[in-house]
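Generate coordinates for the entire structure from the input sequences, incorporating the hints supplied.
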Amino acid sequence: MLNPITLLSLTVPLAVGILLGYLLRNRKRIKLDKVSLAVIIILIFSLGFSIGSNNELLNAMPRVGFNALIISVLTILFSIAFVKAGKRMVKA
Amino acid sequence: MIKYVLAALALGAAAGYLNNNFLNAIPNALVSDQLFNLSLIVLLFVFGVSFGLDKDAMDKMKRTGLKILAFPLFVALGSLSAGLVGGLILRINVAGAMAISAGYGWYTLSGPLIGQLFGAELGTLGFAANFLRELLTITAIPLMVKLDKYAPVASGGATTMDTTLPVIMRYCGDDMLIAAFSNGLILTLIAPFTIIAIASLI
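Protein chains in written order, with numbering that gives the first Met the number 0: chain A, 0 to 91; chain B, 0 to 201.
It is worth saying that the hints were derived from the structure and are not from the lab.
All figures in this text were calculated on a predicted structure; none of them were measured in a lab.
Backbone N, C-alpha and C define an ideal beta-carbon position, used for all residues, glycine too.
No incorrect hints appear here.
Within a straight-line C-alpha distance of at most 25 Å, the following computed PhoX-like cross-link-like pairs (lysine-lysine) qualify:
no.	chain 1	residue 1	chain 2	residue 2
1	B	Lys-148	A	Lys-86
2	A	Lys-86	B	Lys-66
3	B	Lys-145	A	Lys-86
4	B	Lys-66	B	Lys-54
5	A	Lys-83	B	Lys-61
6	B	Lys-59	A	Lys-86
Each pair of labels, with its calculated beta carbon distance range:
no.	chain 1	residue 1	chain 2	residue 2	range
7	A	Val-89	B	Gly-118	37 to 45 Å
8	A	Leu-36	B	Leu-200	43 to 51 Å
9	A	Asn-58	B	Thr-138	18 to 26 Å
10	A	Ala-14	B	Ile-88	36 to 44 Å
This is the structure in structure tokens:
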């Protein structure tokens, strides 16, 4: 995932989309909500698929699940707390 | 919206499990990689267009400006502190726990990399903990957004440029596109370096 081609393959469509949206700004309203919801569902389905087909991950869960849950919950809570505090620091 | 997301996630997991263990109807990578990447690219394009169209979103983002680049730094510091505390509470290798939390939710990287640096046991834990970070973020975004607009971005870590981005956009608004994407991108770039740095310090 880290290779430059993957990073480009995500950044380029985003940048092209923003530019196109900006150029189309004065045209009549374009409804994208329905399109994006459908694609989101496909994306999340394929994410679920990659989880379900990953036996290594599924087998590890009963053994390390508790510790993993503690670490992940702590990581989430600390990240939120640090961002909240940091927001005040940079006045964003 | 979150109901559809969770249903799609569960259906996908069931389909993946059945296909992998029983049916072998299609190669796993066809859905896990190709369909995933294709839908992500389409989504980023669509999000880009709706962001470009939305004058308010751009104005809001301009007001925050370059300050959004500080957020991933706070997420990284928060994650590392959580690893330190978690390691002490669970009485496991503290540096290992910090390396795990420095995966920022990117489990396909942190699992194998931590396994290589800290041994298979912590590698497995790193894999599971970072996977749960992604899963919990997707599930809890509707709750988190009530706490703080940036809470889902903080929680998602490296995943806010791909898997958690669509749910964040739905619940936090168009103006979070750049903040979320750049947060994920920066944390994705620094994750391997933070993990390796922690391993080489001990």
